[in-house]
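Chains as they are written, first to last, in this note's numbering: chain Y, 1 to 430; chain P, 431 to 748.
Everything labelled a hint here was simulated from the structure, so no lab data went into it. This one's a predicted model, so the numbers in the text were calculated from it and none came from an experiment. Wrong hints could be hidden among the right ones.
[Claimed, not checked] Restricting the straight-line Cα-Cα distance to at most 25 angstroms, the calculated cross-link-like pairs of lysine-lysine (DSS-like) are: (1) P:K451 - Y:K195; (2) Y:K398 - Y:K6; (3) Y:K183 - P:K503; (4) P:K545 - P:K593; (5) P:K583 - P:K481; (6) Y:K203 - P:K503; (7) P:K451 - P:K474; (8) Y:K6 - Y:K96; (9) P:K462 - Y:K183; (10) Y:K343 - Y:K365; (11) P:K615 - Y:K195; (12) P:K593 - Y:K183; (13) P:K503 - Y:K195; (14) P:K631 - Y:K203; (15) Y:K203 - P:K545; (16) Y:K195 - P:K626; (17) P:K481 - Y:K195; (18) P:K462 - Y:K195.
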Amino acid sequence: MNYLLKGGRVINPAEQFDGLMDVLIEEGKIAKIGKKITAKDAKVMDMTGLVITPGLIDMHVHLRDPGLEAKEDMASGTRAAAAGGFTTIACMPNTKPIVDSSIVVEGILRRAAVEGLVHVAVIGSVSKGESGKELAEIGDMILSGAVAISDDGIYINQANLLKTGMEYTSMFDRIFITHAEEKSLVEEGVMHEGKISAKLGLKGRPSIAEDIAVARNIMLAEYTDTRLHIAHVSSRESVELIRQAKARGVKVTAEATPHHLALTDEAVLTFSTAAKVCPPLRSAEHVQAVRQGLLDGTIDAIATDHAPHAFEEKDCEYNDAPNGFAGLETALGVVLTELYHTKLMSLMDIVNKMSVAPAQLLNLKAGVLKVGASADITIINPELSWTVDSTGFYTKGKSTPFEGRKLIGKAVGTFVGGRLMMEQGNVLSE
Amino acid sequence: MIKTPVSLRRKNILDLASLSKEEIESILITAKEMKNVINRDIKKVPTLRGKSVVNLFFEPSTRTRTSFELAGKYLGADVVNITTSSSSVVKGESLRDTLMTVEAMGVDVIVMRHKAEGAALFATQCVSPVIINAGDGAHAHPTQGLLDLFTMKQHYDSLSGLKVVIVGDITHSRVARSNIAGLAKFGADVHLAGPKTLIPKDAESLGVTVHYNVEEALKDADVVNVLRIQLERQKSGLFPSPREYARIFGMNSKRLALAKPGALLLHPGPMNRGLEISPDIAYSDQSMIAGQVQNGLAVRMALLFLVTLGGKNIELLA
């Protein structure tokens, strides 16, 4: 079906355009962008009060498929993405089996083509089985379509493997994503080390564990001339380390999550397993620094680290619960509430961090609104007030620290390749 | 008749931080009455007849479990002990399932000890019987905190301004956290002392003064609460050796003399004599350690009474 989006506020960071326009979608592509467009055989949609942006891209998602489908699968994960306004998601390699070979990369891409509602990009592992011992077939995976390389949640302890992995990856001009947390400092930790952990008696994960790892990884990236990307930055000092590295020309980029931008470790005060995440929610000074890093460009992108778990895995004592929670369906609302409605960021800047930057980091032909491009479009109602209710989530992982939180702003439409996949929060293709 | 200033305004006893000063006073006044019962020839009263208490202990314990068991029995309740050394998760049954099984048997009160911080709070979200926290990881041990307050109140008119020094492994101590929370309500001046590796980062945020020099901390102390060194923690190398700990941080008569004359010496037990406390002071006149045990029983009787019957003025003796 063709669609004519009438009278929406088009925000296109790639051209720094922000103005009222009509957008015509024909045969899956953007056919026209202009004023007073008319078209036969197109469904006309009134966009008054709505924002039309290039489709949002989440570069850090745990799709759990293959092997861990009880937590999430291709269908549920991509539906959650569509519901959250995302048109592309990049999935991390910690599946079963680990994405450490071209066969697994191709398998996920094949399944995505059949069952996925949004575009799925695959991130391959650095080491075989994410064991941190032996390089995976990085080149083979990239040739099969892997868009980045990472051992994701695993901290690569061996500096030698890290160096070799970076050197090898840099030949293919792909980003090398690292989880930065010095393992020996966080082994038994379950929350940020600070005032709240002192009060609760929970074992801490000190922020300096992240700082040390970020410093080491930056030094290795500088030495190997690698495109290093630091996942989910959460500490004040690591933001500063990245800032300094960028200033001296190191090819380092970074992402922050909505939860690290919005929540502090006080969310753990009730031992809520929904607030257990890695890296942990940190104190207000760290949250402030991460926000500042986002505003001044030190942090390039916003990514969810969507990490769904089955209900019973989170329904237990805090210490025993796995890290992570669902993020795809709350991300935009949290970011708009915390950064746009507080006047910290413009919609242009937010779309840049959630679409254009991830596209560029992953070398994707996306993040643009231009004639001839695939019609990957997100429609946003920035003023829509809603309350987070996980029972209505499309993801299988219902745990979220934002449960019951009132948010302002939401994706109300998602076009993927010209197909309307979500309208008013309802995913259309079941 | 027991007259309590206020009834308990809550159902569950999870920590001291969430109890008001008035509620704590109410518990301590009731505990005083309970001591009279303990000291009778025939201790059993029918106050809680027809009520059932389950001691659900996921961690080894002698004194707390026995204390709760006797507290329930002296008050006439039916008491059952369930002890499991392994975590419910390791056994394959979730904590929620275990609690629901106990609930299904119609119990009124579940006294729970668990290695995980927050486990007692989680239990309140799983089942409807009253939950009394008998220790959750390093978080809280409210009945120990209450019995320590009770012991101090036996000797001092007011806890306000009292200098209380807690010595030892603060990081892993639910006793320390409960003492700090309880003493804060009464305006005591709390000091922590021990090796830096055993005191949590940002401990000052708990409203205490931190010392790494025990002698300095002990000066003019009214109460010295010595914590047990958890030797199992020693594997992770938080201090070089028990010998070194005893030499630099161990409580002995020379160090205790730095406190005010007649200062109270407390220890939650079990003691590592020769390590955190020297044998000569463990049973000295200043030591309240044996008294703490009896006070613990009184406090637990008071709590069972208050949470089960709502703290109304109820005739204790029939």
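Checked hints:
A hinted pair counts as satisfied when its Cα atoms are at most 25 angstroms apart, and P:K451 with Y:K195 qualifies at roughly 23 angstroms. Between Y:K398 and Y:K6, the direct Cα distance comes to roughly 35 angstroms. Violation of the 25 angstroms bound is thereby established for this hinted pair. A hinted pair counts as satisfied when its Cα atoms are at most 25 angstroms apart, and Y:K183 with P:K503 does not qualify at roughly 49 angstroms. A threshold of 25 angstroms between alpha carbons decides the hint, and for P:K545 with P:K593 the separation of about 30 angstroms lies outside it, so the pair is violated.
For the proposed pair P:K583 and P:K481, the alpha carbon gap of about 30 angstroms is over 25 angstroms, so the pair is violated. For the suggested pair Y:K203 and P:K503, the alpha carbons sit about 37 angstroms apart, so the restraint of at most 25 angstroms is broken. The hinted pair formed by P:K451 and P:K474 fails the criterion: a straight-line CA distance of about 30 angstroms is larger than 25 angstroms. A threshold of 25 angstroms between alpha carbons decides the hint, and for Y:K6 with Y:K96 the separation of about 45 angstroms lies outside it, so the pair is violated.
At roughly 50 angstroms between alpha-carbon atoms, P:K462 and Y:K183 are farther apart than 25 angstroms, so this suggested pair is violated. Annotation: proposed proximity of Y:K343 to Y:K365 is violated, straight-line Cα distance about 30 angstroms (limit 25 angstroms). About 19 angstroms separates the Cα atoms of P:K615 and Y:K195, which keeps this hinted pair within 25 angstroms; it holds. For the hint pairing P:K593 with Y:K183, the CA-to-CA distance comes to about 40 angstroms; that exceeds 25 angstroms, so the pair is violated.
For a cut-off of 25 angstroms, the pair hint linking P:K503 to Y:K195 is broken: about 40 angstroms separates their Cα positions. With a C-alpha separation of about 11 angstroms, the suggested pairing of P:K631 with Y:K203 holds against the 25 angstroms cut-off. Between Y:K203 and P:K545 the CA atoms are separated by roughly 12 angstroms; this keeps the pair inside 25 angstroms, and the hint holds. A C-alpha spacing of about 16 angstroms is found between Y:K195 and P:K626, which places the hinted pair at or below 25 angstroms, so the restraint holds.
For a cut-off of 25 angstroms, the pair hint linking P:K481 to Y:K195 is broken: about 40 angstroms separates their Cα positions. Note on P:K462 and Y:K195: the hinted pairing is violated, with a Cα-Cα distance of about 35 angstroms set against a maximum of 25 angstroms.
When held up to the earlier numbered hints, the structure conflicts with 2, 3, 4, 5, 6, 7, 8, 9, 10, 12, 13, 17 and 18 and fits the remainder.
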